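**Q** Take a look at the letters that make up each chain.
2 protein chains.
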Amino acid sequence: MGEFELIRQYFMPLARLHGSRSVLLGPGDDCAIQSIPPGSDLVFSIDTLVEGVHFPIGYRPDFLGWRALAVATSDLAAMGAEPACFTLALTLPEVDEPWLRGFARGLGRAAESFGLVLAGGDTTRGPLALSLQVHGLVEQGLAIRRAGASVGDLVVVSGTLGDAGAALDYLDALSPSEDEQCVLEQYHHPQPRLKLGIALRGLATAAIDVSDGLLADLNHILESSGVGANIVRAQVPVSLALARLKGDAAVDYALNSGDDYELCATIPEATWATAPEALKQHFTVVGAIEPAPGLRLDGIDVASGSEATGFDHFRRRA
Amino acid sequence: MGEFELIRQYFMPLARLHGSRSVLLGPGDDCAIQSIPPGSDLVFSIDTLVEGVHFPIGYRPDFLGWRALAVATSDLAAMGAEPACFTLALTLPEVDEPWLRGFARGLGRAAESFGLVLAGGDTTRGPLALSLQVHGLVEQGLAIRRAGASVGDLVVVSGTLGDAGAALDYLDALSPSEDEQCVLEQYHHPQPRLKLGIALRGLATAAIDVSDGLLADLNHILESSGVGANIVRAQVPVSLALARLKGDAAVDYALNSGDDYELCATIPEATWATAPEALKQHFTVVGAIEPAPGLRLDGIDVASGSEATGFDHFRRRA
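Residue numbers (the UniProt record's numbering), protein chains in the order written: chain A, 1 to 318; chain G, 1 to 318.
These are calculated hints, taken from the structure and not from any lab test. Source: prediction; values computed, not measured. There may be inaccurate statements among the hints.
For chains that are exact copies, the list does not tell them apart, and a pair is met inside one copy or across any two.
[As the list claims (entries may be wrong)] Calculated lysine to any residue pairs in the SDA-like style (CA-CA distance at most 25 Å, straight line): (1) 195 x 28; (2) 246 x 181; (3) 246 x 127.
Required output: the full structure, derived from the provided sequences and hints.
**A** Here's what the structure looks like:
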């Protein structure tokens with residue numbers, strides 16, 4: 001089977017999902033065409049996943065399809081954007097139909113769940129890797145950037161952190177325990193916090209998704225905003241499963257391991273006080289923005305720059 | 001040097017080039033933001049280049065930077081779009097500063113030449129590969145698609161074809177002849193036909209860029225439009241250098257080899273007759289659209305489908 005037939009068979013159905021109506025022309029031409037509603041800006045991000053670096057060699061293709069789109073879509077959530085469409089650049093060592101079928105199934109489920117249609121792509125031969133670009137829409141001027149954090153803002157995070165990082169310890173487990181299964185599920189099927197991101201518009205002064213670990217990602221906000229922060233270790237939320245599996249070390253996973261795809265945001269204290277309970281219940285206050293540059297954990301400096309912590313693709317071995 | 005520092009040093013200058021003013025937020029946040037002027041649609045395409053498949057192992061990094069952006073931008077030309085910005089997903093086996101410097105230089109020259117600013121990207125560790133997504137703007141409804149060719153339209157191509165394909169024979173030449181240098185230059189520094197694409201808006205009924213060979217790419221137009229075509233072999237334009245290097249076989253390169261990045265378009269005969277000479281001088285009429293499906297060369301069937309000819313990444317060995 002040739003490249004073109006392969007693309008048609010497995011990926012064209014993803015271009016017909018119900019979701020965004022802004023895609024005027026999908027895959028199969030030189031370019032795709034997207035209509036941007038008046039009053040909205042286009043918000044977009046590209047992410048690459050390489051086998052053996054961002055996911056294990058031999059990783060289940062349906063899990064990979066979900067994970068790849070979730071990772072990319074999480075960046076839309078962090079901006080408070082509405083999901084619209086995505087492109088897929090897929091590099092494969094060979095035409096493996098069962099693999100493609102599984103991958104397209106996982107990718108399709110994620111696309112439907114997140115409200116994204118496939119707008120275009122490219123398929124090439126080479127070592128297994130994927131680049132996905134996601135497109136979202138946001139009312140002009142309302143996208144949440146990294147640069148708006150102010151002294152006195154609270155630092156909040158959604159959900160719990162550390163499960164996905166801990167899951168790396170159990171990827172090869174033949175019969176994982178219930179707790180191990182819980183954290184593995186967070187690794188295999190991360191949920192981009194699209195609704196929470198949209199709900200943060202107009203409330204949060206800055207936001208980022210936690211892909212590289214809370215300390216590393218919060219550092220990006222601090223550097224962009226020209227401020228510092230203190231995090232209270234005891235307030236960092238971890239799941240019961242992680243706490244049972246890792247004991248006192250659970251919080252270290254929450255602080256330093258990546259792949260969680262929760263949101264970290266900064267919110268003025270007064271705004272937080274009057275925010276709807278329906279929103280607040282999804283977030284935990286973990287610290288506060290301070291004038292002194294740098295990031296502190298219980299008052300002690302933990303990082304001098306964005307490279308001191310978290311996931312750096314050129315430093316870590318898969 | 002870590003990933004973040006590396007990105008800043010070599011790629012941030014490309015985000016500050018004079019060009020599109022539609023990028024409201026460039027690299028360094030979770031997403032980039034692009035403003036789309038009222039009355040315009042977004043036109044976009046993603047392309048991947050893998051070392052050893054789309055470019056030779058050890059290829060000069062500055063040539064690669066130019067080629068990669070030219071290949072992607074050529075898709076904007078084929079739609080008649082104005083260039084705006086691009087994203088770069090770069091996968092590198094290691095941090096190699098001289099390589100990065102060269103690559104960023106070639107990419108930057110291409111970006112400036114084509115009028116594109118870097119809006120965002122991702123840098124990862126792995127086998128050398130690049131995915132670039134280019135964004136263009138086109139007046140609503142005026143993008144040139146593949147599906148509009150009609151019986152009686154002329155088939156035209158810009159420039160000359162086959163040089164880049166023939167260049168593959170001389171990539172390792174230690175002291176290439178003048179003619180060999182000519183075709184090599186077409187391979188190393190292709191020129192996306194942006195101005196010609198824009199000039200074709202409202203004139204061409206369909207267009208495509210010649211990336212996989214004239215026969216293969218014209219076949220895409222025919223299949224999308226539900227028509228056939230006949231090409232007159234003697235009218236296919238080849239450069240003097242190619243004709244001298246390859247003799248009678250020069251036209252075979254023009255018909256079947258890829259990487260030319262010229263435009264192939266269909267135009268109603270009456271439109272062509274009254275088209276400005278300034279436009280016509282850049283194109284050659286090579287054939288005509290016919291009602292019978294399929295592609296013919298001097299009246300003889302040459303291909304039964306898009307996979308019978310041209311560059312198919314899963315069939316060809318680099």
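**Q** Checked against the structure, which of the hints given earlier come out wrong?
**A** Hint 3 is the one this structure does not satisfy, whereas the remaining hints hold.
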